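> Keeping their order, the protein sequence lines are chains A and B. In terms of UniProt numbering, the first sequence is residues 1 to 305. In terms of UniProt numbering, the second sequence is residues 1 to 279.
Bear in mind the hints are in silico, worked out from the structure with no lab data behind them. Everything numeric in this text was worked out from a predicted model, so none of it was measured. Misleading hints may appear alongside valid ones.
In silico DMTMM-like cross-links for lysine to aspartate or glutamate, where the CA-CA straight-line distance does not exceed 25 Å [unchecked claim]:
no., chain 1, residue 1, chain 2, residue 2
1, B, K29, B, D241
2, B, K119, A, D137
3, B, K249, B, E263
4, A, K218, B, E27
5, A, K218, B, D136
6, B, K119, A, D203
7, A, K206, B, E95
8, A, K218, B, E95
9, A, K206, B, D94
10, A, K206, B, D257
11, A, K218, B, E140
12, A, K218, B, E126
13, A, K206, B, E263
14, B, K46, A, D203
15, A, K192, A, D203
16, B, K29, B, E79
17, B, K119, A, E294
18, A, K206, B, D244
19, A, K206, B, E134
20, A, K206, B, D39
21, A, K206, B, E27
22, A, K206, B, E184
23, B, K154, A, D198
24, A, K206, B, E126
25, A, K218, B, E79
26, A, K134, A, D198
27, A, K134, B, E79
28, A, K218, B, D94
29, B, K228, B, D136
30, B, K154, A, E294
31, A, K206, B, D241
32, A, K218, B, E263
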Amino acid sequence: MKSLTAILTVVAAIIGLWYAACVPMNIKGVLDAAERAGAEVTPATARERRDMGEFGLVAGNSFAIADTWVQDRPRLPAPHQVAVELWNTTVEKKITSKRSLIYHGQVTLSATLLGFAIGTGLGILLAVGIVHSKVMDMSVMPWAIVSQTIPIIALAPMIIVVLYSIGVQGLLPKAIISAYLSFFPVVVGMVKGLRSPDHMQLDLLKTYNASTAQGFWKLRLPSSMPYLFASLKIGIAASLVGAIVGELPTGAVAGLGARLLAGSYYGQTVQIWSALFAAALLAAALVALLGVIERVLLGRMGVRS
Amino acid sequence: MNMETTPQALETQAGDSGISAQASVIEAKNLDLTFQTNDGPVHALKDVSLNINRGDFVSFIGPSGCGKTTFLRCIAALEQPTGGTLTVNGMTPDEARRQRAYGYVFQAAGLYPWRTIAKNIKLPLEIMGYSKAEQDKRVEQVLDLVELSGFGGKFPWQLSGGMQQRASIARALAFDADILLMDEPFGALDEIVRDHLNEQLLKLWARTNKTIGFVTHSIPEAVYLSTKIVVMSPRPGRIHDVIDSTLPKERPLDIRDSPEFIEIAHRVRDGLRAGHGYD
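Using the sequences and the hints, build the whole thing.
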């Protein structure tokens, strides 16, 4: 109950700030429209208003404040505008409609999940190799780190062009960009996790004359689970970013990235913001789902929560 | 591989060992171990010679750095001596390790938190390839030996420190190796729990007739438990004195007030003092 109050307070504060920010952001547009409609505006012409600060305009035209929250194409849409757009493009639209965010969301989601699966699989394999082979430890890890220093926005078009030239298009190129972003946290977390058993635990297995494979399945892998889940939560969020970025350079017609791009072409800020929120909600849902799986699995493993 | 030698009753009658009792199980001759560190070589063991017979309970006592744990780890093939010879059951320590000749108990219980007590005890049995039925049978047996019957389904965090350490002893006993090596197993426990576990350990030793190597810091513990007390001294780690205990095999806790006990404890303390030098 107490924490609920705290959460609601923070949310209310953010929404309050957001509404407040809409006023100076949108005031010029509102005043221009009001002038065209024949209302009294101070100062009277757009030219004079251009040189004035936003806060001065707000102070001189307090009648226009309410209008900054209901514009058609505001610079910064108000929270309720985004909420209404989200409602209209999810619940009110058929899923098959090209304007449905659910349709675009599931396009991005399928690329995200495929990329996440590839990235996680690759990450775990690399980590197992790194932990068991000195050569891989020295050779793979530096490349894995270098791979993450290249901005994905620069690399994504190249990946898509190269794959297109060998006939691969559609879901897979986006998934590969997703995997590219998500394998890294899995490698780092998994290496740490597989190395987490202490000397005593390893000595104990040695006294049983256990093989490397037995040590892996019975000790290293179970020990790494908490580390793996921490990495997976970062990885799935990175996957979603990768899938969205993968939709930008192709001029894709479907996907949350495509909605963002179309919105910015046509100045549809409300559409951009609702696509952003859809992406954020999707990421939150995916991370929460992983959290549930983690709790169930670690609970079964007898870990005290 | 080990299957030919395993199924043999966990509890052998103490009387059975009459003839073979004097056979040497562990033989060390002029054993040296030097660690190379950044600050130059460290002589962890120097010229250590010792015979341990079947059925002996041998305690190693001495200040930190005297090499008592290192010696135990050499027997377990967890460290490689740099000089001298060491045999376990007539083999090199590494061969003995491969044949699973010993169970090792560490200072920390080291139970897997994601396994129940029974599953923890099954760990070595799974690794060594015992059948499911045999695993269950042995878990019951060793849980009974350490007086933890009925706790098999609990997770480690649900048990006290003393019970966890007993479970780890059960794990070391599960595959019925003849030798039990214990590295300060009760070092982290309080005095009362420790007394109780010492008493239990003696009973267990009498029932199973194993050869036990036991590292400790505590003089009363060493004297109470052992048939042979090895007093070691540091820099370089070496054996200062070997005391054969004159105490009877049957030892109630109050034997610690007997003049015989006090005399042996006195000799151990003198040995520790002389070997240490307090320089």
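> Next step is simple, just say for each hint if it's right about the structure.
Quick rundown of the hints versus the structure:
no.	hint	verdict
1	B:K29 with B:D241	holds (16 Å)
2	B:K119 with A:D137	violated (33 Å)
3	B:K249 with B:E263	holds (17 Å)
4	A:K218 with B:E27	violated (34 Å)
5	A:K218 with B:D136	holds (18 Å)
6	B:K119 with A:D203	holds (19 Å)
7	A:K206 with B:E95	holds (12 Å)
8	A:K218 with B:E95	holds (24 Å)
9	A:K206 with B:D94	holds (10 Å)
10	A:K206 with B:D257	violated (41 Å)
11	A:K218 with B:E140	holds (22 Å)
12	A:K218 with B:E126	holds (10 Å)
13	A:K206 with B:E263	violated (40 Å)
14	B:K46 with A:D203	holds (24 Å)
15	A:K192 with A:D203	holds (19 Å)
16	B:K29 with B:E79	holds (16 Å)
17	B:K119 with A:E294	holds (22 Å)
18	A:K206 with B:D244	violated (32 Å)
19	A:K206 with B:E134	holds (22 Å)
20	A:K206 with B:D39	violated (29 Å)
21	A:K206 with B:E27	holds (22 Å)
22	A:K206 with B:E184	holds (19 Å)
23	B:K154 with A:D198	holds (23 Å)
24	A:K206 with B:E126	holds (14 Å)
25	A:K218 with B:E79	holds (24 Å)
26	A:K134 with A:D198	holds (19 Å)
27	A:K134 with B:E79	holds (22 Å)
28	A:K218 with B:D94	holds (23 Å)
29	B:K228 with B:D136	violated (35 Å)
30	B:K154 with A:E294	holds (21 Å)
31	A:K206 with B:D241	violated (31 Å)
32	A:K218 with B:E263	violated (48 Å)
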